[in-house]
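Enquirer: Residues per chain are reported as follows:
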Amino acid sequence: MAVDTVKPVSASSAAPSPEKTRREVNVLAGFGHAFLAVWALLIIAPLVWTFLASFKTNEEIFGDAWTMPGALRLDNWARAWSEANVGQYFLNSVFVVSLSTAGTMLLGAMAAYVLARYSFWGNRAIYYLFVSGLAFPVFLALVPLFFVVRNLGLLNSYVGLILVYIAYSLPFTVFFLAAFFKSLPNSVAEAATMDGASHTRLFFQVMMPMARSGLISITIFNVIGQWNQYLLPLALLQGEGAEEKWVLTQGIANISTSAGFDADWGGLFAALTMAILPMIVIYAIFQRQIQSGLTSGAVK
Amino acid sequence: MRHGKYPFVIGFLAAPVTIYVVFVIAPYAQAFYMALTNWRGLSPGQFIGLENFTRLFQDDVFWKALQHHGILLLALPLITIIIALFLAFMLNVGGGSQKGVMTGVWGSKFYRVVFFLPQVLAVAILGVLFQAIYRPDGSGMINSLVAKLGLEPIGFLINPDLALWSIIAVLVWQAVGFYVVLFSAGMSNIPKDIYEAAMLDGATRMSMFFRVTLPLLWDTLQVAWVYLGIAAFDAFAIVQTLSVDQGGPDGSTTVIGMEIYRNAFTYSKYGYASAMGVALFFLTITFAALSLRVSRRESVEM
Numbered sequence: 001m002a003v004d005t006v007k008p009v010s011a012s013s014a015a016p017s018p019e020k021t022r023r024e025v026n027v028l029a030g031f032g033h034a035f036l037a038v039w040a041l042l043i044i045a046p047l048v049w050t051f052l053a054s055f056k057t058n059e060e061i062f063g064d065a066w067t068m069p070g071a072l073r074l075d076n077w078a079r080a081w082s083e084a085n086v087g088q089y090f091l092n093s094v095f096v097v098s099l100s101t102a103g104t105m106l107l108g109a110m111a112a113y114v115l116a117r118y119s120f121w122g123n124r125a126i127y128y129l130f131v132s133g134l135a136f137p138v139f140l141a142l143v144p145l146f147f148v149v150r151n152l153g154l155l156n157s158y159v160g161l162i163l164v165y166i167a168y169s170l171p172f173t174v175f176f177l178a179a180f181f182k183s184l185p186n187s188v189a190e191a192a193t194m195d196g197a198s199h200t201r202l203f204f205q206v207m208m209p210m211a212r213s214g215l216i217s218i219t220i221f222n223v224i225g226q227w228n229q230y231l232l233p234l235a236l237l238q239g240e241g242a243e244e245k246w247v248l249t250q251g252i253a254n255i256s257t258s259a260g261f262d263a264d265w266g267g268l269f270a271a272l273t274m275a276i277l278p279m280i281v282i283y284a285i286f287q288r289q290i291q292s293g294l295t296s297g298a299v300k
Numbered sequence: 301m302r303h304g305k306y307p308f309v310i311g312f313l314a315a316p317v318t319i320y321v322v323f324v325i326a327p328y329a330q331a332f333y334m335a336l337t338n339w340r341g342l343s344p345g346q347f348i349g350l351e352n353f354t355r356l357f358q359d360d361v362f363w364k365a366l367q368h369h370g371i372l373l374l375a376l377p378l379i380t381i382i383i384a385l386f387l388a389f390m391l392n393v394g395g396g397s398q399k400g401v402m403t404g405v406w407g408s409k410f411y412r413v414v415f416f417l418p419q420v421l422a423v424a425i426l427g428v429l430f431q432a433i434y435r436p437d438g439s440g441m442i443n444s445l446v447a448k449l450g451l452e453p454i455g456f457l458i459n460p461d462l463a464l465w466s467i468i469a470v471l472v473w474q475a476v477g478f479y480v481v482l483f484s485a486g487m488s489n490i491p492k493d494i495y496e497a498a499m500l501d502g503a504t505r506m507s508m509f510f511r512v513t514l515p516l517l518w519d520t521l522q523v524a525w526v527y528l529g530i531a532a533f534d535a536f537a538i539v540q541t542l543s544v545d546q547g548g549p550d551g552s553t554t555v556i557g558m559e560i561y562r563n564a565f566t567y568s569k570y571g572y573a574s575a576m577g578v579a580l581f582f583l584t585i586t587f588a589a590l591s592l593r594v595s596r597r598e599s600v601e602m
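So the sequences go chain by chain: A and B.
Counting in my numbering, the first sequence runs without a single skipped number right up to 300 at its last residue.
Counting in my numbering, the second sequence runs without a single skipped number right up to 602 at its last residue.
Hints were generated in silico from the structure; no laboratory data involved.
Just so we're clear, the structure is a prediction, and the values are computed from it rather than from any experiment.
Backbone N, C-alpha and C define an ideal beta-carbon position, used for all residues, glycine too.
Possibly wrong hints are sitting among the right ones.
Derived Cβ-Cβ restraints for the label pairs, each shown as a range [claimed, not checked]:
# : chain 1 : residue 1 : chain 2 : residue 2 : range
1 : A       : 106       : B       : 453       : 32 to 40 angstroms
2 : A       : 205       : B       : 514       : 45 to 53 angstroms
3 : B       : 545       : A       : 106       : 24 to 32 angstroms
4 : B       : 341       : A       : 128       : 41 to 49 angstroms
5 : B       : 451       : A       : 238       : 37 to 45 angstroms
6 : B       : 357       : A       : 37        : 21 to 29 angstroms
7 : B       : 310       : A       : 205       : 41 to 49 angstroms
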């Protein structure tokens with residue numbers, strides 16, 4: 001853009017005086033600053049409040065909400081971890097999500113790679129079959145899914161839940177990674193093939209390492225998505241002994257719904273903090289990748 | 301053609317395609333058929349044609365849920381986008397021109413990290429958290445402040461007129477950060493010299509926003525609207541965990557997801573629940589198609 005030709009115009013009387021502009025900038029900037037700070041406070045305050053409440057007694061919790069806890073009561077945390085089974089739910093979530101994310105990444109990368117870099121009959125059909133899954137609401141499939149899982153004898157089992165997590169994570173994973181594999185240069189692949197690398201070796205030893213940044217983004221995306229999943233475990237982990245298998249979101253939602261006034265509120269807040277804290281830590285470490293990963297998915 | 305291509309292709313596709321077809325495609329296909337039966341889980345259901353749908357359209361609860369989706373569909377995107385747009389504008393060009401380069405306000409990086417944070421928290425967990433925050437007496441985080449001001453406590457979740465809006469507020473609270481980042485990405489694609497030219501022409505920050513940023517961001521806004529609209533149809537976890545009495549008080553916050561879950565897993569009306577799922581499917585698709593069509597504009601050449 002030719003800035004030079006614009007300059008003389010701005011110097012003319014048509015432009016508002018510099019003073020007026022400066023005042024307008026200051027007012028807006030001041031208002032903007034205030035709004036940014038207020039919004040940041042709105043995000044942080046509930047989280048800090050929960051953290052503080054995790055050290056309070058029931059009496060303190062039902063008193064004024066804005067008083068500090070009388071002491072650092074770590075026994076709330078201990079109770080939540082062991083008696084309210086949050087420790088168990090937490091480990092269940094870790095177990096399920098690590099296996100299902102690993103499975104999603106392996107299968108998703110395999111499918112995306114083949115669909116992106118090999119031409120064969122039915123390639124486009126399979127690709128669109130995967131991508132169409134992005135458009136459907138999970139709710140539509142909920143009832144039949146329940147019966148598919150039940151008929152396979154996988155209801156109330158981790159195998160069933162993990163397979164379902166993988167299946168529902170595949171559309172986005174394949175969609176995202178296919179574009180990524182397509183963008184990788186051909187020359188390296190050709191050189192490896194000349195050196196006698198098999199297709200499988202080419203994939204695991206050349207292509208996977210080259211696609212590392214894309215794989216990391218989508219791994220984080222899947223970890224967050226599967227860790228936060230609520231509907232699928234709710235529908236699929238039911239029946240005899242289901243409570244021991246519950247994942248974290250489910251367990252905490254249940255503590256809260258079954259809690260009456262005599263309930264252990266300090267324990268509930270400790271449980272909430274335990275559910276929130278690891279996500280904040282992971283977010284703090286990976287926030288750059290998380291933000292770019294989640295938004296690059298949105299801007300298709 | 302390299303040899304051994306087909307065994308390799310088939311070997312790599314077999315597992316993912318099988319899992320996907322069994323757990324995603326097959327259930328979707330069955331849902332459409334199941335919606336036409338009166339299956340209740342015990343005996344094999346009979347084909348009853350569109351009877352579930354006629355019943356659905358006479359079901360007051362369904363209409364009420366639909367009405368709530370209507371409110372969500374308007375309020376959620378509108379409020380979220382307005383707040384996110386303003387915040388993103390401040391973060392990216394609010395600081396004015398520094399040596400000819402538009403910058404965000406002081407502390408932009410910090411704000412960007414904080415705003416996005418709720419996005420990584422589970423909606424179900426947030427439901428439980430906000431239940432405590434919204435508590436109707438002095439022990440609730442907000443009502444404690446309200447009491448200090450000497451005002452009557454607000455029954456966020458127990459007042460049928462307020463309950464849905466209290467839920468929408470949580471959804472907005474969570475969503476804004478994502479759209480701030482999304483819009484920031486869009487804004488960074490706008491060439492700096494356009495702003496500079498506008499600046500030299502003496503454009504105010506306000507007119508710069510409405511005449512430069514907004515039109516050039518139109519595509520991103522459209523994506524945001526569609527995403528938030530779909531989220532408005534998807535609301536379930538938050539209603540299940542936050543609302544009084546699962547969709548209450550008195551059905552004032554119920555959504556279709558809640559009704560599908562209730563009909564399927566509480567009343568075992570599987571056919572009926574599937575019919576709701578199909579209705580939801582068509583609503584979502586129609587919404588996405590309509591909003592993409594309506595908001596289509598001549599894109600600005602840069």
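Enquirer: Hints first: check each against the structure and report whether it holds.
Expert: Each hint tested on the structure:
no.	hint	in the structure
1	A/106 - B/453: 32 to 40 angstroms	violated (53 angstroms)
2	A/205 - B/514: 45 to 53 angstroms	holds (49 angstroms)
3	B/545 - A/106: 24 to 32 angstroms	violated (43 angstroms)
4	B/341 - A/128: 41 to 49 angstroms	violated (33 angstroms)
5	B/451 - A/238: 37 to 45 angstroms	holds (44 angstroms)
6	B/357 - A/37: 21 to 29 angstroms	violated (49 angstroms)
7	B/310 - A/205: 41 to 49 angstroms	violated (21 angstroms)
Violated hints, listed in ascending order, are 1, 3, 4, 6 and 7; each of the other numbered hints is respected by the structure.
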